[in-house]
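Enquirer: Take a look at the letters that make up each chain.
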Amino acid sequence: MNDLNIWKRAERIRKLLGEDSSSPIDLFALTNSINGLSIVNYPMGENISGMCVKGKHSNVFAINSLMTLGRQRFTLAHELFHLYYDNEPSTSICLKNIGAGNEKEIQADQFASYLIMPPLALTEMIQKLKESSSGVITLNEVVFLEQYYQISRQAVLYRLIQERELSHQDAEKMRQNIIQSAINLGYDDTLYKPSPLNKRYRTYGHYIKLAEKVLEKGLVSRGKYEELLLEAFRSDLVYGEDIDEEILD
Amino acid sequence: MDKALINLGTKLKELREQAGFTQSNIANFLKVDQSLVSKIEKGERSITTDMLERLSTLFGVSVATLLTRYVEEQTMSYSLRAKDIDTNDYEMISAIHRIALNSDFMTEKLITSSKEDNDHE
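Protein chains in written order, with this note's numbering: chain A, 1 to 249; chain Z, 1 to 121.
Everything labelled a hint here was simulated from the structure, so no lab data went into it.
There could be a bad hint or two in this list.
To be verified - Label pairs and their in silico Cβ distance ranges:
hint: 1; chain 1: A; residue 1: Asn35; chain 2: Z; residue 2: Asp50; range: 31 to 37 Å
hint: 2; chain 1: A; residue 1: Glu241; chain 2: Z; residue 2: Asp84; range: 30 to 36 Å
hint: 3; chain 1: A; residue 1: Gly18; chain 2: Z; residue 2: Asp33; range: 49 to 55 Å
hint: 4; chain 1: A; residue 1: Tyr187; chain 2: Z; residue 2: Asp84; range: 30 to 36 Å
Unchecked claim - Just so you have them, the derived chain Z footprint on chain A, three or more residues with Cβ under 8 Å:
hint: 5; region: 48-56
hint: 6; region: 204-216
hint: 7; region: 224-235
Every residue gets a Cβ at the ideal spot worked out from N, C-alpha and C, and that includes glycine.
If we strip away everything but chain A, and leave its shape as in the complex, we get (with noise of 0.2 Å):
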């Protein structure tokens, strides 16, 4: 499949989601919107960015929760092209290396590349960021682009080199005090950091929902509902842990 059949289907998943072509996307709140999906987090290995799986009535996402959150935002997009595009296993688990792998594996990567910075959007940014920079990507604008997509500093720069707007040479060099370089620019560090640790082991979603629904209906007892919710790593939900005083405002 080539570069413009992916990003023809980035855009189509992007209609679908209820996005526009070009705008930044919240992938958290897009993934926890479609109908029978429910998203896991999980600490996983050093090599795994997270899971697939899809079940005979549902589907699951699992994301490695050591991860920063701006990788996992990128999992997440690499994750939609298994769902809806990926029609031969049932699960799918994927490499951590961007741009790694079988060729369904580069495809995913390419795929979420293109949903989270659509080509025509990034390239206009680009323009626009190389003007007030005397025409070069600096770190600046590399610090800029993964805080505009709410993005890793690695898909940030595997995307730059593809378009040829980095060389290897110079992106290398960006792999380093990344939470610093954002910290000096005047950014929050959140999008640099793991999942907080009270939230590495959590499932999201319509799992959640259907556990309810379940009870709700008497179609399994009490016992057997919280078994399920801890399960899914929600001891909270069973317990009653982890909720913070509420604010409405």
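With chain A fixed as given, assemble chain Z onto it according to the hints.
Expert: Showing chain Z alone in chain A's frame:
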């Protein structure tokens, strides 16, 4: 030899090979000796319900599917080599499949209940 054991062994071997796991990977995951996995695959040894349950979540199939003879389709696809998956990742795969299987269990409960409601009307 027990025909059911042979069927289960054949099924286990097929699923394991499709997923690219070795007998040793399965043995580590089940915390048993590799020779036991080999014997189970040959239908020479029985399997505990606990092991059956753990294998079903590792492969993301129901226990019933594990006990039926045919493997209908590929169940797992890895973009990484088995050596890139560490021991804890087998637990991870199993935990995530558990969630997917639970989702199917809950959905099937709802479907059955809705069918029963329709039949009563």
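Enquirer: Confirm or reject each hint.
Expert: Status of each hint after checking the structure:
Between asparagine 35(A) and aspartate 50(Z) the Cβ separation comes to about 35 Å, which falls inside the hinted range of 31 to 37 Å. A hinted range of 30 to 36 Å holds for the C-beta pair glutamate 241(A) and aspartate 84(Z), which are about 35 Å apart. At about 54 Å, the beta-carbon gap between glycine 18(A) and aspartate 33(Z) stays in the expected band of 49 to 55 Å. One distance hint, 30 to 36 Å for the beta-carbon pair tyrosine 187(A) and aspartate 84(Z), holds here, with the actual separation near 33 Å.
Figure legend: the region 48-56 of chain A, annotated as covered by chain Z; annotation consistent (5 residues with Cβ-Cβ distances under 8 Å, at least 3 required). A count of 6 residues in the region 204-216 of chain A with a Cβ less than 8 Å from any Cβ of chain Z is obtained; the coverage claim is therefore met, three being the minimum. Counting residues of the region 224-235 of chain A whose C-beta lies closer than 8 Å to any C-beta of chain Z gives 3; at least three are required, and the coverage claim holds.
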